[in-house]
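Student: Given the coordinates of chain A, work out where chain B should sit on it, guided by the hints.
2 protein chains.
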Amino acid sequence: MWLGLDLVEEADASTLRRLFTIWTDDAAALMSGRGPLADTEPEMAAVTAGLTITFGVGPGVFDLTGITADRPGWLRPLPAFPSIDQLEERWRGTDLVVQICADSPLTVAHAQWVLLKDARSLARIVWCQKGFREAVGTEVPGRSMRNLFGQVDGTVNPAAGQDDPVVWMCASAPDWLRGGTSMVLRRIAMNLSTWEQADSVSRELALGRTQATGAPLTGQVEHDVPDLQATDAIGLPVIDTFSHVRRSMPHEHGGVDRFLRRPYTYDEGPSAHALSDAGLLFVAFQADLERQFLPVQRRLAEADRLNAWTTPVGSAVYAIPRGVREGEVLAEGLWR
Amino acid sequence: MWLGLDLVEEADASTLRRLFTIWTDDAAALMSGRGPLADTEPEMAAVTAGLTITFGVGPGVFDLTGITADRPGWLRPLPAFPSIDQLEERWRGTDLVVQICADSPLTVAHAQWVLLKDARSLARIVWCQKGFREAVGTEVPGRSMRNLFGQVDGTVNPAAGQDDPVVWMCASAPDWLRGGTSMVLRRIAMNLSTWEQADSVSRELALGRTQATGAPLTGQVEHDVPDLQATDAIGLPVIDTFSHVRRSMPHEHGGVDRFLRRPYTYDEGPSAHALSDAGLLFVAFQADLERQFLPVQRRLAEADRLNAWTTPVGSAVYAIPRGVREGEVLAEGLWR
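So the protein lines, in turn, are chains A and B.
Take UniProt numbering: the last position of the first sequence gets the number 336, and nothing is skipped along the way.
Take UniProt numbering: the last position of the second sequence gets the number 336, and nothing is skipped along the way.
Chain A extracted, bound-state conformation:
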């Protein structure tokens, strides 16, 4: 669950301090299975179900509160991608984001309620976006999740623990962000009705991978490295020039443009107007948004066969302060 909030209009540095002080306590209590102070249903905190809560700061915080902490240059809306974007105001970037993840929807619902009600005099909700991955126990070991196009999604990712500089900011970041990261949240509508009409050849050409296993068209299994040089009998590239795999491959560009993809599926269900309202909450974490994320995003906007079936309808950028130790407050460098 992603909650997008705006600070109240009269917010200043002390508003931020109070909000993050409360949220730090809440998150620590909820994640350790205790109900926070003001929790009237502490029993519901007992099942943590792997709960994690991640807080982010959007550009508006700097515009609004007059804090003097260093503002990173990238902390602003992404550049427009007019060839693909149809952004809707209701999914706009917000002053703050809270990402709540757990293996059980009940745990998420409770945490969400506690965090919202504790923030209500300091910030107001703009949107909530709910996503899911395959439930624990139903994943296929070693295989990335499937999205609603049936595609294996999120294969190319840094290895956990080995590629820390890809995700975490180092000494060159503003003080308050050192050890933190940046988050891009894009809501990408997927048109299941037109996708349904695409045959498997078109689908696999567009992606550059097979639907069945997620293997690149030049390989056998999902994690085989795509061979972008391979050609077929008549000399055409096996992995098409405008396929998603080729356009998004970091290896083609020296490998700086890597980042951590953590996509979730959203499905608002059918309505009288449409048989589906579904897609991807594309979430990316990276130390350097401009050098890592943006080049890939630009290549995809420029030409990616999958764009025929997908439409970005929401876009937001947040700075994610590092986690805290006992006694610290999340994001505290921001107002000090």
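Worth flagging that the hints you see were computed from the coordinates, not collected in a lab.
Be careful, since some hints might not be right.
Since the list gives no way to pick out one identical chain from another, each pair is judged satisfied if it fits inside one copy or across any two copies.
What the hints assert, rightly or not - Cut-off 20 Å, straight-line C-alpha distance, at most; resulting in silico cross-link-like pairs (SDA-like, lysine to any residue): (1) 117 with 215; (2) 117 with 266; (3) 117 with 189; (4) 117 with 301; (5) 117 with 15; (6) 117 with 275; (7) 117 with 283; (8) 117 with 25; (9) 117 with 128; (10) 117 with 92; (11) 117 with 85; (12) 117 with 244; (13) 117 with 145; (14) 117 with 309; (15) 117 with 174; (16) 117 with 10; (17) 117 with 14; (18) 117 with 101; (19) 117 with 272; (20) 117 with 277; (21) 117 with 80; (22) 117 with 335.
Tutor: For chain B alone, kept in the frame of chain A given last:
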């Protein structure tokens, strides 16, 4: 996931036959881990995650199609309960319902898409209602689920396998429903904001159980039978006269009024208008709606302290035909 659909206006018996012939094939394939005929993402059917699909027939089917099968007297909207109901047209009863349950949201989303697109020329969607229980692996063994009030919910239920006549219709039912059941689906909004203001004494008085364990106020553990005769030091009943437990207890009325409760939580998340839009999809199955379900519903509407915090906003009744063997079609007695 519950999908409420209406038949197309020109529907007749053959529309029903075609629809249920397709849905029978789809459900059999999906539940056995194969993609149905028209499934363009058959890989997504491979993980069944305990998928079950249940189909129901609403009153409108008889009004619309001119079928001559026996119409059960109870297959109509519930009587109005003006003391509690604030029913919204958008959650009205529909001609058909499809209930899709699985341990993974991805499995549900795929099944939903397949069933909807295969029905699109025969029926149109009116609403979808999404609910959840505690995820597999996060349940507390032996304890019923918690709802968003923190209450242990659904304790008083017939034992699986031992109380079949409570749920399944026998020889006295219309032919096409023999071996089937009836479903009541009530959408009950729960006001988390006012509930939050109730102290634990008021909460437990209203329910008649402790919030911590779900034990009746006269007992130690959830499944202890409430002692409705017990009084406190000054002679007042320990389980209040207007508590939910006492009003809903079947034991008080000879035990005919038992049925299978299978509640799910819904949570549409916060919006700019309200900090929460959440509640219960109250689902009840019973062989005889009028003798089993209605007496309890009437007692609760008449006086149940929990009504102060809850509001029924949707209500629907469906007949659920029995499951089928190879070669049969769901509900086929309906048009024969």
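Student: Tell me the hint numbers this structure goes against, listed in increasing order.
Tutor: Going through the list in order, the structure violates hints 1, 4, 7, 10, 11, 12, 13, 15, 21, 22 and respects the others.
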